[in-house]
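Position chain B against the provided structure of chain A, taking the given hints into account.
For the record, the sequence lines run as chains A and B. Using the numbering used here, the letters of the first sequence map in sequence onto residues 1 to 526. Using the numbering used here, the letters of the second sequence map in sequence onto residues 1 to 329.
No lab work stands behind these hints, which were simulated from the structure alone. Check the hints yourself; a few may be wrong.
The calculated lysine to any residue pairs, modelled on SDA-like cross-linking and capped at a C-alpha distance of 20 angstroms, are [what the hints assert, rightly or not]:
hint, chain 1, residue 1, chain 2, residue 2
1, A, 404, B, 313
2, A, 109, B, 50
3, A, 474, A, 485
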Amino acid sequence: MLRRASICLSLALSAALLSSAQAQTFRWATPASVATMDPHASGDTTTRNILINVYEGLVRLNQKSVLDSELAVSWEAIEPTVWRFKLRPNVTFHDGSPFTADDVVFSFKRATTSSSDIRAKLRSIKEMKKVDDLTVDAITQAPNPILPQGVLIFMPILSHVWAEKNNAVEPADNRRTGKENFATRNADGTGPFKITSYGVDGRIEMVPNESWWDKKEHNLSKVVISPIASDATRVAALLSGEIDLITPIPQQDVPRVKESPQFYILTAPEARVVFLGFDQWRDELIASNVKGKNPFKDVRVRQALAKAINMDLVRDKVLLGAGDPLFAMIPPQANGWTPEFKTRPASDINEAKKLLADAGYPAGFSVTLDCPSDGLSNMGEPVCVALTGLLARIGVKVDVLLQKQAAYAGKIGRRETSFYIHSWGATTFDALATMELTMFSYGDGVGTWNVGGYSNAEVDKLILSASSEMDAAKRKGMLTKALSIHRDHVGTIPLYQPTLTYAASTKVKVVTRSDDAVQLRWVRFQ
Amino acid sequence: MASFVLKRIWQGLLTVLVVAFVAFGLFRFVGDPVMSMAGAEATQRDREELREQLGLNDSIPVQFVRFVANAATGDFGISYRSGRPVSNLLAERIPATLELVFLGAGMALLFGVLLGIAAALRPRGRLSRFILTGSLAGVCLPTFVNGILLIYLFAVTLRWLPSFGRGETVQIGVWSTGLLTSSGLRSLIMPALTLALFQLAMLTRLVYSEMTDVMQTDFIRFCRARGLDRRSIFFRHGLRSALMPVVTVVGLNIGSVIAFSAITETVFQWPGLSLLFVDSIRFGDIPVMAAYLVLVSFVFVLINLAVDLIYFAIDPRLRVSRAGAPAHG
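In isolation and in its complexed conformation, chain B is listed as follows:
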């Protein structure tokens, strides 16, 4: 068990390092922050001085080693644009993203499973057809279209919900939360729904197809033969086995929800990590970009580790063949 976890952690760290290195290699194509920082009137010498100060004259490997050494102590450097420590910027933005992601994922999970079950109850019923058609739209429509449609419906036409931002927030220690004010909650509804829609629709379809598959298997038929009542067969036996792949998919998707909240955050001007990242691309703010990418890869690694551990707990086969474990990469 311990060696399995250690091995996983080691692999995870390696992944983070590789992501950081690739990111560093790409930054030279992202832009030259010196041009805009030094201003139009700057001389070549001004630019050269600035470049030297920022350490941009060093080779990529040297910059990379410096970055990793500093990052190991929690220091991600200074944002070129705002002149503030990147770790502070990230820390300030994390609450907004996490509240959005967890609410979005929660909505997707709850409604996705419920709708999937409702559709599977009577697979040829009218309700089922309605849900499945709707879920198809949810899977097909791009996130930014969803977001804009919601804004035009609920903000511009009905004027019920705010179209941008996070509303009033309350500071609790280092955490700023929008969950305790009415404007904060109202601001959260549309972004969370936008973020949830794709996952929700996908989960609906997944639960539906798993359920209909399971309901046709032999063991369900035996349950019927034993004379168990329909309800018990459906929920106690059918649903339970249908939910196994759902757990896997949800686990793996939380990471991508965080990573792909970029579009939602941009559409709703949601002041989270991804918006910070999108802004930093525009201004060539390399320290912020690097830290964000490392952070996101770190989150992915953590989630994958958690999923592996859950597998480990569930699947007895993994426990037996410890040495050959990493079959579920």
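Same shape as in the complex, but just chain A:
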């Protein structure tokens, strides 16, 4: 009783202190800090999702992840390969310089120089042309029906006046020159928040941009973003009242936070699919006891594995509910989805064993599963271990090879794997990018991440046609059809769509979005 009283007292005291000293300061903790302040210098997700509050693009997504206008007020495809954007008038950058077509052309050039790490995302644009001060044309290499949502959303716009004044017309090409550049640690965007400090410890402080062009929906006076890598410490920082929002919260801490009336849990289905891939191109697997042939080339083996995996069990026991089983390479939020993609092959051990026997492996076989120990939102290890148990029931002996994310990514990228768990984000909320990179026959530029080497002429043809089909309904039909074929062939075994889980103080209202981007412009203190 005494203890409770003292806790209450100290809570009341600290609450009183906090409310008087730092009214409406929103304190947010993320696992990693931004890599750099230069939005063109790094393709890192954390960096993008934090800088999105500072640098804007021509278009953005609204709360429902639907395309919305940002620095462009309207756009249309005036020819199949020419998109015309009308720009927003009377917008200024944080340093006061006006936003015009020159900044768009400049930013495109800057984002596609050799020292930019986001240039690959913008590859489908050949040129940006200024038509007048508030009009630009984007000329594409080939017709691109989803240029704004699929490509331009990834192009942050910088002030050319500021960049020229500060000698930052290109992202710092540090690898060769060994110099950092003004833009590495300073920012000048048009967004709703301005950076006021960027510390050695990765701490970022922002204040609202009072001359922002859009209607202000937040009521913040200051924002402090702190990196806290350790899960337990991040949770403790929330519970101790030092932090208002943590993204993410580990699943095992969710019940504790729910118990307290001062905190709440926020969730959103992530626009991402976790799947198993297998080598279907080598004549002999590099990490298996089967010699002289490749069991994964046989569709019956792939079906047997899919049937042996009871995802409902994994969702309840391993993911603790933080995921939705599905059986397609895109999540329901992405264009191309159809409700039947939700249905997984019925889990049936006997049938799976029979399929394996028919394929010539009545006693099963052994294979190594490449698994990122700190990947898949830290669920890599438990999920892989659970799969081992499920697959052992049909005689497939899986050795889990746990590696750090960086090592694992290199190994997968070089295709030095027989069996791997991986995830793919539908960051454009459209199936095409996922399909081009993970399903199209392995090659350069397209099919780069088709690690397993699935190859089907009809799927390739459908992807190619969809990439330039300007009719939305027809295009969607093509995407869905190609996804269905891949699904029928078990080109991969899609497992689940992860659930993003955050925790916050009940004092703040935060909007969650499927791309894991917390937009400060929607944060409100109650």
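Chain B in isolation, oriented as in the chain A frame:
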């Protein structure tokens, strides 16, 4: 004397080189930074270009020689992740680590010796038993458990101390210090205590056992026979000889406190060198990892050199047999 020191320095440099070389050999297993840097949409050519730019296509010995040549001029290259010179990153982080390590080591030394003496005063007393049981817990509990327990007690339950970070810092020239602000000092308490706990408990036990041993030796018995008072025997004669091995252990342990502050820095999100290193592993940031390992091995070498010199000053036998000196490796 001079030849002894020169020999030691030469051996130290060799050690640093070997550490750097082993580290280089290991990096290929740490990961491929190119995959994440180039982005998912990159083509093979993009990746190849990047790999060429970073010099990753050269053989390990070639990369190693380049690294050593640059490091000799103080240039540790550029961080792959942040695009900033590694030497700047390290320089910015050193103050945080040093303040933490020295405060932690200071706490361990002060409290360890005091508690050890208190326990040795009456070896069978209740206080002694209490201290020794406590020190056993301190030796056994892993650092991250200590850290988390402290956080839950002082940050979450009592809300007295901050659970993460370094608080407000003051910049004095190139040095950023947290010692001059109240939030900085409050932030330092728990990490320093966490870092100190193991050393503290170990020193307590060491001082206690050395003291009880010394107190049973003949020369103490002779002191008693001479009729010296108890206090003088205990502190002037007993403690002095008991502290010799303590000096050795403390000297050797400062290096490991720096090297093993990684766990403490991670638990408290303390923005020091080790946290930088842990982050760089996650992102496959090879230049940062290499520079950190070289720096830590360099610190170890320096400390060992200092300990050798102190031995040299204390132990007359070393001075006599100069040629055969390196008996205390």
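Results of checking the hints against the structure:
{"no.": "1", "hint": "A:404 to B:313", "verdict": "47 angstroms, violated"}
{"no.": "2", "hint": "A:109 to B:50", "verdict": "19 angstroms, holds"}
{"no.": "3", "hint": "A:474 to A:485", "verdict": "17 angstroms, holds"}
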